[in-house]
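> Okay, here's what each chain looks like letter by letter:
Protein chains: 2
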Amino acid sequence: VKPFRIIVAGYGTVARALLDMLVTQERHLAEVHDVRLVPVAVVRAAGAWVDPEGLQLDRLAPRALMRKDVAEVLENVQAEALVELTPTDLKTGGVALDHVRSAIAKGLHVVTANKGPVVHAAPELEALAAKKGGSFRYEATVGAAIPLLSLRASLLGDRIERIDGVLNGTSNYILSRMGEEGLGFNEALEEAQGRGYAEADPAADVDGLDAAAKITILANRYLGLGARLEDVRVEGIRKVTGEAVQLAVKQGYVVRLVASASQAAGVTVAPRLVPLASPLNVQGTLNVVRFAREYGGPVSLTGHGAGGRETAAAVLADLLAAAGVAPR
Amino acid sequence: VKPFRIIVAGYGTVARALLDMLVTQERHLAEVHDVRLVPVAVVRAAGAWVDPEGLQLDRLAPRALMRKDVAEVLENVQAEALVELTPTDLKTGGVALDHVRSAIAKGLHVVTANKGPVVHAAPELEALAAKKGGSFRYEATVGAAIPLLSLRASLLGDRIERIDGVLNGTSNYILSRMGEEGLGFNEALEEAQGRGYAEADPAADVDGLDAAAKITILANRYLGLGARLEDVRVEGIRKVTGEAVQLAVKQGYVVRLVASASQAAGVTVAPRLVPLASPLNVQGTLNVVRFAREYGGPVSLTGHGAGGRETAAAVLADLLAAAGVAPR
Chain A
1 VKPFRIIVAG YGTVARALLD MLVTQERHLA EVHDVRLVPV AVVRAAGAWV DPEGLQLDRL
61 APRALMRKDV AEVLENVQAE ALVELTPTDL KTGGVALDHV RSAIAKGLHV VTANKGPVVH
121 AAPELEALAA KKGGSFRYEA TVGAAIPLLS LRASLLGDRI ERIDGVLNGT SNYILSRMGE
181 EGLGFNEALE EAQGRGYAEA DPAADVDGLD AAAKITILAN RYLGLGARLE DVRVEGIRKV
241 TGEAVQLAVK QGYVVRLVAS ASQAAGVTVA PRLVPLASPL NVQGTLNVVR FAREYGGPVS
301 LTGHGAGGRE TAAAVLADLL AAAGVAPR
Chain B
1001 VKPFRIIVAG YGTVARALLD MLVTQERHLA EVHDVRLVPV AVVRAAGAWV DPEGLQLDRL
1061 APRALMRKDV AEVLENVQAE ALVELTPTDL KTGGVALDHV RSAIAKGLHV VTANKGPVVH
1121 AAPELEALAA KKGGSFRYEA TVGAAIPLLS LRASLLGDRI ERIDGVLNGT SNYILSRMGE
1181 EGLGFNEALE EAQGRGYAEA DPAADVDGLD AAAKITILAN RYLGLGARLE DVRVEGIRKV
1241 TGEAVQLAVK QGYVVRLVAS ASQAAGVTVA PRLVPLASPL NVQGTLNVVR FAREYGGPVS
1301 LTGHGAGGRE TAAAVLADLL AAAGVAPR
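Chains A and B are the protein sequences, given in the same order.
Read the first sequence against my numbering and you will find it ends at 328, with the numbers running on by one and no gaps.
Read the second sequence against my numbering and you will find it ends at 1328, with the numbers running on by one and no gaps.
The hints are simulated quantities; they were obtained by calculation from the structure and are not laboratory data.
Careful: at least some of the hints might be erroneous.
One side only, chain A facing chain B, incomplete, derived with CB under 10 Å [to be verified]:
id, residue
1, Phe4
2, Val23
3, Gln25
4, Ala30
5, His33
6, Pro87
7, Leu90
8, Gln193
9, Gly194
Chain A regions said to be covered by chain B (calculated; three or more residues, Cβ under 8 Å) [as the list claims (entries may be wrong)]:
id, segment
10, 91–105
11, 287–300
Each residue gets a CB set at the ideal place from its N, CA and C atoms; glycine is no exception.
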């Protein structure tokens, strides 16, 4: 079987989970899908591990790191795909955007879990990929292991009327705990930070920017809105009081940070009252998205919207699609 | 644009909804997907409407019916696909199985909403289609407009550990009403019949056979179990008492007819206690399926598992896939 060679940019939780998955799934992928995914380089801040024949993933010693950055590796190492997993910069796209653009310009397939390049340049990058013979895939950027983007192939022929989702697990954990335990926002945030569900600087989550990026990606994919991140009307959850959440619960509702998109109303993120029996009422760190369709009616997908393994699973699915693997 | 010609077998709710959809979506399909789906024959019990150039769907007069059955139409009318929408016979596959087999043998693509041919002969029909250059698609047979089968392309690379679902809307409506209103089984069944959610002979629904057929299809698609309908251990909901449902509610549960499949436990359908906060707790006629995955964790899909428009939407999605339409 011809190897499908991969350069991995980044060495955080998701990259490590992906490398682990490449080892554990190797035999399954070979037997069932006749495909061999071979990591030929892993590039982290301290340098790069490179082996054109395929890295020994259980032997990635720090002393074997070469002083190369992603640009140099892309220049010098033959591969079919770049997996871009460096930290997200929603403001500018960051270095990730440079990595993705360079790889696509070379005709590589690019798979990313990084929202930065997607919200800043998806149309440009997709057009360039089409021209250069590669592809640009980013399933993992929205809802991690919930296949919200590849689902599109399954929804063809019907009109998507609107999209509503709970897309930020941190905010949802906080709002869930406020509802269940009567906590105030600050108490619930501290608890979330203690459990590792919220970062020390929780702004991107609780102020709605992360959810805004995700709903922007969905809106552009499904509704063709051509929306930019700065077009989204965003309200976060900092001003949601414990009293408001308790009052909602008493009346049969929960408060959820709902991201919405439609032709008529554009793209929004705001705390909303959601009926207890609504599919949008998910608990804890879960994510959900509901697509409302003209003929097929609503369809909702629920699952884990974050986590190293979950995100890696979405990256692997994209890599298989890039390698031309289809269900048998 | 080269027409993709369709023969429709059956003229019930789903067939009419599909024909309606072909008219209303015609322009969208041409503009966005560059495809023209042209019905060249509709075959009902009383005869067939045939026009090799494409039927005028707003002028299907009874007097224009020709005395031809599906076999004769397949013999005489050139087409790319058969859409099989005659009534379901779960016991033998019925005439639908003959229709499907003949069409596939001729190299046509076949799309069906009929579980009969699928549970009785899917492996044979898929092998034949692969040999003859057509395809056999049946998204609409499980969960109607919930894309439970085409989702498989989105879940590649991960291991599906088990599948659990609520797949029969009639039973779920009855159990929901028993829980909400304290009705007994017979009262709730009568109400469901009055509202058109249950048939005069509700056996296939309340005895679990319909759910058994659907979970069999999912088990074979995702787990490769090679299960036959008669392998499923099925228990219906006739013996579920109002008292049992009320007791469950008091303890934070609902009773749901849950269809399950795993390598270890095989395929089962039985009433189960489901926690209130579980994604399997869907109300009324909704359907849900949860896939448990090794890496990606659980993902649940919820939507309308029945209805003419919903089923037609799934049939149309399959037709587009058969016609080679992919997301742009």
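> For each hint, tell me whether it holds in the structure or not.
Going down the list of hints, with the structure as the test:
Hint on Phe4 of chain A is violated. Least Cβ distance to chain B is approximately 12 Å, over the 10 Å limit. Because the beta carbon of Val23 of chain A sits about 12 Å from the nearest beta carbon in chain B, more than 10 Å, this interface hint is broken. For Gln25 of chain A, the shortest C-beta to C-beta distance to chain B is roughly 6 Å, which falls under 10 Å, so the interface hint holds. The restraint placing Ala30 of chain A at the interface with chain B is violated, with a minimum CB-CB distance near 12 Å, outside the 10 Å limit.
Because the beta carbon of His33 of chain A sits about 7 Å from the nearest beta carbon in chain B, less than 10 Å, this interface hint is met. For Pro87 of chain A, the suggested interface contact is broken, since its CB lies about 22 Å from the closest CB of chain B, more than 10 Å. Here the hint on Leu90 of chain A is broken, as its CB sits about 24 Å from the closest CB of chain B, past 10 Å. Interface hint at Gln193 of chain A: violated, since its Cβ lies 23 Å from the closest Cβ of chain B, which is beyond the 10 Å cut-off.
At a threshold of 10 Å, the smallest CB-CB gap from Gly194 of chain A to chain B is about 22 Å, leaving the interface hint violated. Against chain B, the segment 91–105 of chain A contributes 0 residues with a C-beta closer than 8 Å to a partner C-beta. That does not satisfy the three-residue criterion, and the hint is violated. Counting residues of the segment 287–300 of chain A whose C-beta sits closer than 8 Å to any C-beta of chain B gives 7, which meets the bar of three, so the coverage hint holds.
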